[in-house]
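A.B. asks: Listed below are the residues making up each chain.
There are 2 protein chains.
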Amino acid sequence: MKPVERAQLAMMLEVCAYPKPGNVDRCHDYPDTRLEHFLASTILSRTALEEAETGTGRIGEIIKHAVRDTNTHGGGNTHFGAFILLIPLVYGNDIPGAMKAIEKTDVSDAIAFYKAFAMTTVRMNATDELDVNDPHTLTVIRDREMTLMDVMTHSAGYDMIAREWVTGFPLTRRGADILIRTGPGRDAIVQMFLYLLATEPDTFIIKKHGSAVATEIMRAARDVLDGKRTAENLDAECIRRNINPGSIADIVIASIYIALGEGWSWDS
Amino acid sequence: MKPVERAQLAMMLEVCAYPKPGNVDRCHDYPDTRLEHFLASTILSRTALEEAETGTGRIGEIIKHAVRDTNTHGGGNTHFGAFILLIPLVYGNDIPGAMKAIEKTDVSDAIAFYKAFAMTTVRMNATDELDVNDPHTLTVIRDREMTLMDVMTHSAGYDMIAREWVTGFPLTRRGADILIRTGPGRDAIVQMFLYLLATEPDTFIIKKHGSAVATEIMRAARDVLDGKRTAENLDAECIRRNINPGSIADIVIASIYIALGEGWSWDS
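Protein chains in written order, with this note's numbering: chain A, 1 to 268; chain B, 1 to 268.
Certain hints may be false.
For chains that are exact copies, the list does not tell them apart, and a pair is met inside one copy or across any two.
[Unchecked claim] Within a straight-line C-alpha distance of at most 25 Å, the following computed SDA-like cross-link-like pairs (lysine to any residue) qualify:
| no. | residue 1 | residue 2 |
| --- | --- | --- |
| 1 | K2 | T120 |
| 2 | K2 | D69 |
| 3 | K2 | G57 |
| 4 | K2 | E61 |
| 5 | K2 | T33 |
| 6 | K2 | G76 |
| 7 | K2 | M119 |
| 8 | K2 | E50 |
| 9 | K115 | D69 |
| 10 | K115 | R142 |
Hints listed in this document are in silico derivations from the structure and should not be mistaken for laboratory results.
Go ahead and model the full structure; you've got the sequences and the hints to work with.
C.D. replies: Okay, here's the thing in structure tokens:
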């Protein structure tokens, strides 16, 4: 299977997986972002993913194209974090290849990435020096000659997606290993999601609700894994409190992509 | 939007639409064919749809490529009927363009189509002279110099998909008109599906369960439109009795494709 198709299948499989506490799935929409928006983005990101597969253009620019092409529907940001992971992974085929590609990013990638960021509705930490809503940020990046890897290093402290770039995709790797260990079929995706949720604080939850809530959700996911409550029950609570582990969902997509490339089958 | 993306969005929107009596939707799988299989086919048909958009190759061969590329998962046939409609529609962009493309089909298209047919698990009428499981059929097609349009004319009496080719896509057109009249948003797809179900006997139901059942389902769909029973209630009955209006689903996909090309928006 071509890397681009593995990436699209990963995006499709992640959003369909159920029950998945807090996130959009086949049984649950957000009011403004629905299952169809996630699946439309999966379809509409094809051209950018093909650029990554064929190495046509630079990583930062390709991330920008993916955001541009999936911004044509009204569902807002669906896959910004996923693209940050998938595009180098498709570009390099696997994690070692992605790391080589990432090391070659330069200032032009950082600039393109910030332009992509500005097209999304994703918020940054209010105190961030490299605020995406501040036009001065591009000047700072140019003056300091920051590469896209430098930008990710800057954000790695509070963003687990950026941290994947900086540390060699360890959570992506762990998720893929869980899938392979769990065996074929879509239920393995739910297991992997719950395991990551139980072991890693989701930085998207931290940004929106603070660290205490992120820790609370980790404990709750652990309770689901231990059979003390159901995933459906935690899902209902997350929905009610508007808690969605969006960054772990992005990592789940990257993990599925890797596992599919290593022979794991979604189709049991 | 590119025709290929309109076609893929149409396939995605059709399978997600809910509640849709009898067919796979976001809330209901068949045991062997699940939501993910339909969505995987949507992704994996991209290359064949691009061949249609760019006019690379002949219609029959492109249908064969679509079947080949979507046969790589274990969910069986998901979109054979939809491809028969979509590929000329994408090839010609719209219905008049599709009719021009169809008129140019020749014996080679008919042969390629039969080879595609043989790759699916779709059954024909047992009495059909052009039985896909009989190796002699290809000889008959060659001897009689049947074009793919001739093959469709042969099948038009008992297959509403073939009838669309022969009669200029009237149901596809009607479905698109219903979407446009109903207005933007996914609920229009459900309304259109119910309307077609109430007014046209589904030939896939006839093949599987006979004419009486097809007529009964038409009346039941009419009752849903008239508010005498709910779509969910009819859905549950169809699932229990293993009745799925698969051919109307294929026409719904073609109708969404046309409506998207005429400005109808799925995204309300």
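A.B. asks: Now, for every hint given, state plainly whether the structure supports it.
C.D. replies: To see whether the hints hold, each was checked on the structure:
no.	hint	result
1	K2 - T120	between (28 Å within a copy, 23 Å between copies)
2	K2 - D69	both (20 Å within a copy, 12 Å between copies)
3	K2 - G57	both (19 Å within a copy, 22 Å between copies)
4	K2 - E61	both (21 Å within a copy, 21 Å between copies)
5	K2 - T33	between (29 Å within a copy, 23 Å between copies)
6	K2 - G76	between (28 Å within a copy, 21 Å between copies)
7	K2 - M119	between (29 Å within a copy, 22 Å between copies)
8	K2 - E50	both (10 Å within a copy, 16 Å between copies)
9	K115 - D69	within (14 Å within a copy, 36 Å between copies)
10	K115 - R142	within (13 Å within a copy, 58 Å between copies)
No hint from the list above goes unmet by this structure.
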